[in-house]
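There are 2 protein chains.
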Amino acid sequence: MDDAGVSLQAKMIAMGEAARAGARALRLASAEQRTTALQAMAKAIREDAAPILAANARDIAQAKANGLSGPMLDRLLLDEARLEAMAAGVEVVAALADPLGVATARWTRPNGLDIARVRTPIGVIAMIYESRPNVTADAAALCVRSGNAVILRGGSECLASSLAIHAAIVRGLKAAGLPASAVQAVGTADRAAVGHILAGLNRAVDLIIPRGGKSLVARVQAEARAPVLGHLEGLNHVFVHAAADPRKAVEIALNAKMRRVSVCGSAETLLVDRAVADRLLPLLADALIKAGCELRGDAAALVIEPTMKKAQEADWSTEYLAPILSVAVVDGVAGAAAHIARYGSGHTDAIVTEDAAAAEAFAAEVDSAIVLINASTQFADGGEFGFGAEIGIATDKLHARGPVGAEQLTTFKYVVRGTGQTRP
Amino acid sequence: MDDAGVSLQAKMIAMGEAARAGARALRLASAEQRTTALQAMAKAIREDAAPILAANARDIAQAKANGLSGPMLDRLLLDEARLEAMAAGVEVVAALADPLGVATARWTRPNGLDIARVRTPIGVIAMIYESRPNVTADAAALCVRSGNAVILRGGSECLASSLAIHAAIVRGLKAAGLPASAVQAVGTADRAAVGHILAGLNRAVDLIIPRGGKSLVARVQAEARAPVLGHLEGLNHVFVHAAADPRKAVEIALNAKMRRVSVCGSAETLLVDRAVADRLLPLLADALIKAGCELRGDAAALVIEPTMKKAQEADWSTEYLAPILSVAVVDGVAGAAAHIARYGSGHTDAIVTEDAAAAEAFAAEVDSAIVLINASTQFADGGEFGFGAEIGIATDKLHARGPVGAEQLTTFKYVVRGTGQTRP
Numbered sequence: 000m001d002d003a004g005v006s007l008q009a010k011m012i013a014m015g016e017a018a019r020a021g022a023r024a025l026r027l028a029s030a031e032q033r034t035t036a037l038q039a040m041a042k043a044i045r046e047d048a049a050p051i052l053a054a055n056a057r058d059i060a061q062a063k064a065n066g067l068s069g070p071m072l073d074r075l076l077l078d079e080a081r082l083e084a085m086a087a088g089v090e091v092v093a094a095l096a097d098p099l100g101v102a103t104a105r106w107t108r109p110n111g112l113d114i115a116r117v118r119t120p121i122g123v124i125a126m127i128y129e130s131r132p133n134v135t136a137d138a139a140a141l142c143v144r145s146g147n148a149v150i151l152r153g154g155s156e157c158l159a160s161s162l163a164i165h166a167a168i169v170r171g172l173k174a175a176g177l178p179a180s181a182v183q184a185v186g187t188a189d190r191a192a193v194g195h196i197l198a199g200l201n202r203a204v205d206l207i208i209p210r211g212g213k214s215l216v217a218r219v220q221a222e223a224r225a226p227v228l229g230h231l232e233g234l235n236h237v238f239v240h241a242a243a244d245p246r247k248a249v250e251i252a253l254n255a256k257m258r259r260v261s262v263c264g265s266a267e268t269l270l271v272d273r274a275v276a277d278r279l280l281p282l283l284a285d286a287l288i289k290a291g292c293e294l295r296g297d298a299a300a301l302v303i304e305p306t307m308k309k310a311q312e313a314d315w316s317t318e319y320l321a322p323i324l325s326v327a328v329v330d331g332v333a334g335a336a337a338h339i340a341r342y343g344s345g346h347t348d349a350i351v352t353e354d355a356a357a358a359e360a361f362a363a364e365v366d367s368a369i370v371l372i373n374a375s376t377q378f379a380d381g382g383e384f385g386f387g388a389e390i391g392i393a394t395d396k397l398h399a400r401g402p403v404g405a406e407q408l409t410t411f412k413y414v415v416r417g418t419g420q421t422r423p
Numbered sequence: 000m001d002d003a004g005v006s007l008q009a010k011m012i013a014m015g016e017a018a019r020a021g022a023r024a025l026r027l028a029s030a031e032q033r034t035t036a037l038q039a040m041a042k043a044i045r046e047d048a049a050p051i052l053a054a055n056a057r058d059i060a061q062a063k064a065n066g067l068s069g070p071m072l073d074r075l076l077l078d079e080a081r082l083e084a085m086a087a088g089v090e091v092v093a094a095l096a097d098p099l100g101v102a103t104a105r106w107t108r109p110n111g112l113d114i115a116r117v118r119t120p121i122g123v124i125a126m127i128y129e130s131r132p133n134v135t136a137d138a139a140a141l142c143v144r145s146g147n148a149v150i151l152r153g154g155s156e157c158l159a160s161s162l163a164i165h166a167a168i169v170r171g172l173k174a175a176g177l178p179a180s181a182v183q184a185v186g187t188a189d190r191a192a193v194g195h196i197l198a199g200l201n202r203a204v205d206l207i208i209p210r211g212g213k214s215l216v217a218r219v220q221a222e223a224r225a226p227v228l229g230h231l232e233g234l235n236h237v238f239v240h241a242a243a244d245p246r247k248a249v250e251i252a253l254n255a256k257m258r259r260v261s262v263c264g265s266a267e268t269l270l271v272d273r274a275v276a277d278r279l280l281p282l283l284a285d286a287l288i289k290a291g292c293e294l295r296g297d298a299a300a301l302v303i304e305p306t307m308k309k310a311q312e313a314d315w316s317t318e319y320l321a322p323i324l325s326v327a328v329v330d331g332v333a334g335a336a337a338h339i340a341r342y343g344s345g346h347t348d349a350i351v352t353e354d355a356a357a358a359e360a361f362a363a364e365v366d367s368a369i370v371l372i373n374a375s376t377q378f379a380d381g382g383e384f385g386f387g388a389e390i391g392i393a394t395d396k397l398h399a400r401g402p403v404g405a406e407q408l409t410t411f412k413y414v415v416r417g418t419g420q421t422r423p
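From first to last, the protein sequence lines are chains A and B.
By the count of numbering that gives the first Met the number 0, the first sequence reaches residue 423 at its end, each step adding exactly one.
By the count of numbering that gives the first Met the number 0, the second sequence reaches residue 423 at its end, each step adding exactly one.
Chain A extracted, bound-state conformation (with noise of 0.2 angstroms):
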């Protein structure tokens, strides 16, 4: 290793015990001092707005010499109603009901033992990340709110917005009496610095959080060396079933997979129960068209409406992300829990049906993080779950499961209060 790649691990290490120290700082302050540091963040982000802006404009400028274009640089780009959004955001989660020291159950046992399980944080959180340079604030937020001291490593293609976003936020910590240490972020494009993060800064980092594209995520899981939170794709299905309002079916067809295709919670595959196929699929296959969609059916979808491509065996795993929707016919509730078990990857699913007892059959049999009886799957978002916003959606099934709120951020401890007894 040169002596740059040195000097790197060392400022890296440094940083790690500087957040234990930040944790430690977030774990012993009250409710209200993390609510007012929010809130000083949130006016900070508005203070910077000029540059905060400036460090963007270097940013996008950089961008498009690199060749990029189009929607990928829309992401990178920061305006004045954008700032204003992502100062929002920061004030919402300062509103937020503190998720820390509720005892989430309490009981006594028979030798008098009282025991309670209370809500702490979690330690040091590495975040890692890509593109959005509202996820800075967005992540910072959630991490003051939980407790957790956080190391935020952003993409390099908008690492001087970030930054810019990041010397706000110290500023709203120091306002509330909290260290610097709480919110750190890495100061280089290095990608050295993923790899130290990733081996776990010295055993300081007690959970990596990835959010991006598939690479990453991929990468944080198979090289990390501490607990990872990840979010994968969202191969979500809608299933109309028989006994489906038709209107309700086309529009919440039309909406999951239409209202944004490029979103985790947009539907990739419509599953039509056979009972109904031939009266619904031709209303749910015209209103999709007309939106500009293209479909892609098995052999019996293909009976009812010839104009569809043919799906192809990939086309039942792959997340389109694109105007694109794969159709099946399917038998019933099971037909649609069987082909969802199969290619589904476990983020959200809907059913449309009128029939209450199919309705909870099939919550029952989707193993899926969230499952939706008549509403749109673009409905996976913290926020639109009211958690003021999110990490991410996490797909694994340890610890969080769904979108990652403030309160999923966090972890607990019994305290158990005796008046001396000892066990038998």
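Treat each hint with caution, since some may be false.
Simulated pairs of lysine to aspartate or glutamate, EDC-like, Cα-Cα distance not exceeding 20 angstroms [unchecked claim]:
1) B:Lys173 x B:Asp47
2) B:Lys247 x A:Glu232
3) B:Lys42 x B:Glu90
4) A:Lys213 x A:Asp244
5) A:Lys247 x B:Asp113
6) A:Lys173 x A:Asp47
Because the hints were derived from the structure by calculation, they are not lab data.
From a predicted model like this one, the values you see are computed outputs, not experimental measurements.
For chain A, the structure is supplied; the task is to place chain B on it using the hints.
Frame of chain A; chain B shown alone:
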């Protein structure tokens, strides 16, 4: 890989596939059906007393031939009383409130969406453990209660006992109409089987739980390609605060160290507040030494009790699991918390004090899975918490922390009920 290797791998992969089917059956079974299975399992264990004890006699003979003796041999031993305790333990789990299907939170959004967070099983759990044959019954019972299929890989030294117990468990499952794939046991002592489990059995394993010595847990954490619920050592402290009741301090310190020295809830370090060390340390030392405990003190402790051995730096981070206790004099709650943060393992720590404010400060400051006020660290046990049985004490912070019972072996899904909502 030789033929036997290929065939073991194929067998293990098939076991993983079967476990997925078993998990589905358990997930869809009613609480009553799983309760019936647990009751039938307990009955079958009692009915099979003769073959189980005969199998255990073979394990014991082999262990003696391998040179095992004393407590190591005793851990393997089953007799009528231990077998009855095992069956009774399964009945306690049968009587536990079913954790599944419970909505742990439910709220309605302004758009009318009704969101419920509902407990569900994790899926397939692989349990890798050593020595004590009762773990086979405990783990199977907790997994059935929590709706998880389990693959049991017990230690080779009690393989015959475990397989005999497993045969009874399978009869219990079948009596309730549940498939044998819900609880499977690896039938070979070949250590390569562990490697296949750690590789994840073709993504069939959702969670790996190691229970055993440091080297087993370390191997699992290093090699596992699936999430691990680790339970590491208990480097536990008893802090005698300035406002401690002397009688409680002596009783708690004595019980925490000496009740059973080989359990993970035993105390390894005694911290005494400088303000009362002159007065209380002699009382504490006297009781502990009389009970057969060796004390190793820091400089300040040695001034008060010159007969102690001098503690070395390594003593503060050694889990003795023996009648040895390190003793340090510290300055108040802050001093105790600093010592615990530096040397503790985040397992279980206790304060003895009559000062409520000091007790709450200690509970807030010490970041361990279990913090006790005026009670012995030996209460760190799922049974003592009222969980019926335990898989172990988790020292990780993610997902579960502290005693792992049936409820801790669940995850959740969000069930969102709408009336046709689409997202604007």
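Structure-inconsistent hints, enumerated in ascending order: 2 and 4
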